[in-house]
Amino acid sequence: MELPILPTSVIGSYPKPRWLLRIYSLYELGRLQEEDFREAIRDASVAVLREHERAGIDIPWDGEMGRSEMTEHFTARISGFKFYGPVRVWGNAYFNKAAAVSKLEYSEPLVLDEFRWIKANTTREVVKVPITGPYTIAEWSFNEYYSSKEELAFELAGILNKEFKLLEREGAKFIQLDEPAMLNHPDEVPIAVEAINRAVKGVNMKFGLHVCYSNYNLLADYFDEINVSQFALEFANRGFRDMEFLRKLTHGELGFGVVDVHNPRVESPEEVARAIRKVMGYVEPERLYVNPDCGLKLLDRRIAYQKLVNMVRGVEIVRRELKRAGRETIPFRRSA
Amino acid sequence: MIVPALIGSLPRPVSLAKKIEQYSIGRLSEEKLEEAYVEHTRRAFVKLKDAGIKVITDGLYRWDDIFNPLIGFIDGVEVNGLFKFYENNFFYRSPVVRGELSLRENPIPEWLNTALGIKEEVYPEATLKAVLPGPVTLAYHSINEAYKSLDELAEAYAGVLAELIKELPVGLVELQEPVLAAELSRATREKSDSVSRETAKRLIEDLSRRKELWVVTYFGTPRVLPEGVIVNFDLVEGSVPERFQGRPALGIVDARKTKMERRDRLVDKLKPFLRRYRELYVTPNTLLDFLPESVAWRKLKLLGKLGGE
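Chains A and B, in that order, are what the protein sequence lines are. If you're matching positions, the first sequence starts at 3 in my numbering and goes up one per residue. If you're matching positions, the second sequence starts at 18 in my numbering and goes up one per residue.
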């Protein structure tokens, strides 16, 4: 399968429509039937999928309309977790941080319904399925049961592996493992790497790894040891500084974060194009995908959309330049 | 004697966060938001009283992290970029230092006056501390584009804090200085510069001449021990250095784990210190922001039960 050079994608989350937020509130208050709640999520899912497609995104997702939060969605479906209440991440953003209180078990599919729905409704050949990685779920949970974080992370890797095999059978082509916490403890990076490799073992699919707001020098030492084909990293938030570590990315692809998701200012297409030209000094365009820094969900929806539109326009500027050199498409690579 | 105390923040209640959000999108007036702050602070002080916490803070309900909004009141600083606060899933907006630092007019003294008023009403016997980030921690967590060295930047921040401290309506000021124990985490970014231990010690001791200081360290054992101040040690992830001669506060309750400690084990851990010190403050080991609100209050109640031992 061929993709246009510099394929555009999203990282995962997108602002939920206001009406959907109200639906969530009503559901949490017990004032809405399960069936109506699910229907609302599916409608929002298609709306956001279309929004991504309209913006010109090559590899879209539905903005995680059916997910309350990136770890909670998974810990709520894996038995053995318990919730004590929300914990603040920053400002007024919270997540329900779960505690592992007994042996964790894969009791139900985690994202299979989402994938089936999106696959049935997209106009694109490939979608990206973002799934929170085993180390990050372990790191962002309280551990009251396992003897170590390593044990907890490996247990989660086994659970995710079951899900990935299920998705592969259903025709998924591209999973993005979200591991924003994997560099939190420099001494534990080998544990995170091992957990990721266990999670993807035996699955013939394209895997991307998203890591953000971290010291990427710690990751660069492991580029060749992690069994994924793409590293989707954030750069706009750090003003495109300190890109030297990319010299170590000699084979894998880079998902280049070019839109700041914590700043409502919309980047211009020219800014996006400048940033892409800069990163092409480190990674050749045939190994570059372009995406926002991270999930867009904390932005106003109109701003999030305009950021995607301008990101695509910026990519198109560079594509025209590359076309003059005869570089127009790239193959969709699955293997690491 | 053991004196239970709070350090830094309480988890911001979700009900308050919703009000702040409504205010930020223009759906709540400033007056109504202020009412929400007052009401939530009052509730917190009542609960702190019930828990037996003798030295309290205002819970930092008006703060997003230990740097914001203060850094927004400093000329020469822009607030930009989101960075992990050490290895936690907790983020702060980063100070980007673009010019010479100076303190602008700010509402922090007034916020404390409001908190003092509430305290007098519901818990007059408690001592209220102000909470500020320390100059060394501020310097390490800044992106320095203006000063020649981190030493100079820390010095500049100390100047700003000295000015602010003298305006505060309380006698005891807590300086959040985790960086004395845990220098900027490599998890976030490479450290390119450092504050010398001598400078760190001197700057804090200079500030202590303006108001009594309670210097809070966590995530390790502090390598710098300022004199003439109360030093808060994290007994969960660090220890009290043998050479420490001053007044200690001990972070004995783990504020990053939901599992509840056993009171008898905490008492055993405190026994050697009780033999050495006449008065011993006991606290959570770090900010309570890292816990769900319900668990944070259970941990504070447990801490309160250690009081008077």
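Treat the hints as calculated values from the structure; they're not laboratory data. Errors might be hidden in some of the hints.
Claimed, not checked - Here are the simulated distance ranges between beta carbons:
(1) B/Arg260 x A/Lys84: 39 to 45 Å
(2) A/Glu30 x B/Val55: 24 to 30 Å
(3) B/Glu38 x A/Lys84: 25 to 31 Å
(4) B/Arg240 x A/Leu23: 27 to 33 Å
Since this is a predicted model, take the numbers as computed values, not measurements. Just so you know, even glycine gets a beta-carbon here, dropped at the ideal spot from N, CA and C.
Violated hints, by number in ascending order, as checked against the structure:
4
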